[in-house]
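Model the full structure from these sequences, guided by the hints.
What follows is each chain in one-letter form.
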Amino acid sequence: MKKYLPWIGLLARLILGGVLLAAGLLKYQHLDKSQMAVRAYELLPISVANLLGIVLPFIEIAIGILLVIGAAIRISAIVGAALMIAFIIGISQAWARGLSIDCGCFGGGGQVAPGTANYLPELLRDGGLALLAIYLIRYPQSKFGLDRQISNGEKNHG
Amino acid sequence: MANQKPGKDNFTRNLVIAVVVGVVLLMLVPTVLSKRTNSTAAVPASVSAENGYGIVFNGDLTSVPVLDIYEDFQCPICAQFEKMQGDYIESLIKDKKAKVIYHTLSFLGPESINAANAAACSADQNKFLGYHRTLYANQPAENSGAWTNDVLAVLGQATGITSKKFTSCVNNMDYKGWVSNVAAAGAKANVNSTPTVFINGKEIDRKTEYFSADKFKAAVERG
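Listed in order, the protein sequences are those of chains A and B.
One point on numbering: in our numbering, the residue at position 5 of the first sequence is 5, and numbering is uninterrupted.
One point on numbering: in our numbering, the residue at position 211 of the second sequence is 211, and numbering is uninterrupted.
Because the hints were derived from the structure by calculation, they are not lab data.
Among these hints, one or two may not hold up.
[Claimed, not checked] Straight-line distance between alpha carbons at most 20 angstroms, and here's what the computed SDA-like set of lysine to any residue pairs gives:
#	chain 1	residue 1	chain 2	residue 2
1	A	143	B	14
2	B	207	A	52
3	B	207	A	97
4	B	35	A	94
5	B	176	B	149
6	B	35	A	52
7	B	188	B	207
8	B	202	A	55
9	B	207	A	143
10	B	207	A	118
11	B	207	A	48
12	B	35	A	45
13	B	202	A	99
14	B	207	A	46
15	B	202	A	112
16	B	207	A	94
17	B	35	A	118
18	B	215	A	114
19	B	83	A	113
20	A	143	B	83
21	B	35	A	46
22	B	207	A	99
23	B	35	A	55
24	B	207	A	114
Because the structure is a prediction, the values reported are computed rather than measured.
Written as structure tokens, this is what we have:
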């Protein structure tokens with residue numbers, strides 16, 4: 001089993017990192033809309049939401065790149081897990097309060113026509129990504145990463 | 001493999017991490033700064049910061065309802081709204097029954113910025129309402145490449161704007177800074193969807209009042 005862990009790690013890294021990178025790049029192209037998406041959760045004060053709408057895509061891009069190239073895997077995975085848990089909380093509270101919003105996960109965002117919001121698939125996806133992040137926090141060793149001492153050093157683990 | 005010393009590649013790895021984080025931070029700072037209101041940007045006629053940089057009609061009237069309309073020229077639902085309520089809103093302006101402020105947002109992409117800039121140029125020619133109507137009547141698919149500045153200038157001529165100043169204003173994006181000020185003001189006003197209509201500072205009911213002629217009229221008259 002130990003032998004396969006680095007391959008699972010690689011897969012987890014590429015999926016989580018790829019999704020974060022894509023989400024960040026798509027948001028980066030429409031920052032007004034990204035700010036709008038954060039505001040629409042009605043969770044944060046307007047000025048904080050507007051700042052987060054700009055900063056969040058950059059965080060996603062940075063963590064995405066680091067995960068894909070496999071550098072600082074554990075720290076990146078901790079940030080990735082924190083992001084996913086924050087998204088899950090945001091989407092759940094929007095659902096519970098009956099808001100009609102687009103999650104704005106991959107660009108887009110803001111209010112949508114009442115009744116067309118679709119929260120369950122978004123929650124399942126973010127839940128799955130959170131699990132990948134948690135896996136990487138527990139087993140950061142993986143193939144083809146820059147974190148060599150971890151990827152080859154099973155002595156660091158177990 | 002096994003005889004590789006732990007930490008051998010730490011230098012490369014740390015360098016890569018530093019470069020990635022550094023570049024992202026370097027891009028973040030100017031982006032945050034560019035979203036701040038630029039108080040020196042040129043603004044079209046009738047515009048002021050107090051009205052969220054919107055294009056104002058009947059600004060001198062008091063004791064009438066104030067309509068703040070937030071829209072994006074590329075937004076299809078805004079085109080439907082214009083079709084449904086446009087004539088009524090124009091009649092409110094003409095009969096001096098309301099103060100109307102148009103906020104031309106641009107979150108859908110570069111062609112929204114072009115269109116908002118061109119609309120501001122048309123305001124200088126006192127043709128904003130006509131041009132507004134022309135834009136929605138000729139709305140292409142979002143960011144299909146159709147709304148270049150050349151096309152937007154021609155649409156102006158189709159609206160009866162003959163001034164050369166309009167054409168150069170459109171082509172030189174004279175009001176680009178203003179367009180981002182409008183966007184920043186819309187963000188501060190917590191506008192999360194287009195169209196968004198505030199009557200006397202309060203949003204009308206999204207479920208019922210946008211797309212019913214009677215209910216919209218009732219909302220305006222209620223004030």
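So, going through the hints one by one against the coordinates:
1. For the hint linking residue 143 of chain A to residue 14 of chain B, the alpha-carbon distance of about 18 angstroms falls within 20 angstroms, and the restraint holds.
2. For the suggested pair residue 207 of chain B and residue 52 of chain A, the alpha carbons sit about 28 angstroms apart, so the restraint of at most 20 angstroms is broken.
3. Of the supplied pair hints, the one linking residue 207 of chain B and residue 97 of chain A holds, its CA atoms being roughly 16 angstroms apart against a limit of 20 angstroms.
4. For the hint pairing residue 35 of chain B with residue 94 of chain A, the CA-to-CA distance comes to about 27 angstroms; that exceeds 20 angstroms, so the pair is violated.
5. Between the alpha carbons of residue 176 of chain B and residue 149 of chain B the distance comes to roughly 12 angstroms, so the proposed pair stays at or under 20 angstroms and holds.
6. The straight-line distance between the Cα atoms of residue 35 of chain B and residue 52 of chain A is roughly 12 angstroms, inside the 20 angstroms bound, and the hint therefore holds.
7. A C-alpha spacing of about 23 angstroms is found between residue 188 of chain B and residue 207 of chain B, which places the hinted pair above 20 angstroms, so the restraint is violated.
8. Distance restraint check for residue 202 of chain B and residue 55 of chain A: the Cα-Cα separation of roughly 29 angstroms exceeds the 20 angstroms cut-off, and the hinted pair is therefore not satisfied.
9. Straight-line distance between C-alpha atoms of residue 207 of chain B and residue 143 of chain A comes to about 52 angstroms, which puts the hinted pair past the 20 angstroms bound.
10. Taking the CA atoms of residue 207 of chain B and residue 118 of chain A, the gap is about 18 angstroms. The hint holds against a cut of 20 angstroms.
11. Of the supplied pair hints, the one linking residue 207 of chain B and residue 48 of chain A is violated, its CA atoms being roughly 28 angstroms apart against a limit of 20 angstroms.
12. Taken as a hint, the residue 35 of chain B and residue 45 of chain A pair is honoured in the structure, with Cα atoms around 17 angstroms apart against an allowance of 20 angstroms.
13. With a CA separation close to 18 angstroms, the supplied pair residue 202 of chain B and residue 99 of chain A stays within the 20 angstroms bound.
14. At roughly 23 angstroms between alpha-carbon atoms, residue 207 of chain B and residue 46 of chain A are farther apart than 20 angstroms, so this suggested pair is violated.
15. Straight-line distance between C-alpha atoms of residue 202 of chain B and residue 112 of chain A comes to about 19 angstroms, which keeps the hinted pair within the 20 angstroms bound.
16. The hinted pair formed by residue 207 of chain B and residue 94 of chain A meets the criterion: a straight-line CA distance of about 17 angstroms does not exceed 20 angstroms.
17. Between residue 35 of chain B and residue 118 of chain A, the direct Cα distance comes to roughly 31 angstroms. Violation of the 20 angstroms bound is thereby established for this hinted pair.
18. Between residue 215 of chain B and residue 114 of chain A the alpha-carbon distance is near 18 angstroms, which keeps this suggested pair within the 20 angstroms criterion.
19. Taking the CA atoms of residue 83 of chain B and residue 113 of chain A, the gap is about 18 angstroms. The hint holds against a cut of 20 angstroms.
20. Between residue 143 of chain A and residue 83 of chain B the alpha-carbon distance is near 58 angstroms, which puts this suggested pair outside the 20 angstroms criterion.
21. Distance check on the hinted pair: residue 35 of chain B and residue 46 of chain A sit about 14 angstroms apart at the alpha-carbon level, within 20 angstroms; holds.
22. With a CA separation close to 12 angstroms, the supplied pair residue 207 of chain B and residue 99 of chain A stays within the 20 angstroms bound.
23. Taking the CA atoms of residue 35 of chain B and residue 55 of chain A, the gap is about 12 angstroms. The hint holds against a cut of 20 angstroms.
24. Distance restraint check for residue 207 of chain B and residue 114 of chain A: the Cα-Cα separation of roughly 7 angstroms lies within the 20 angstroms cut-off, and the hinted pair is therefore satisfied.
Hint check: violations occur at hints 2, 4, 7, 8, 9, 11, 14, 17, 20; the rest are consistent with the structure.
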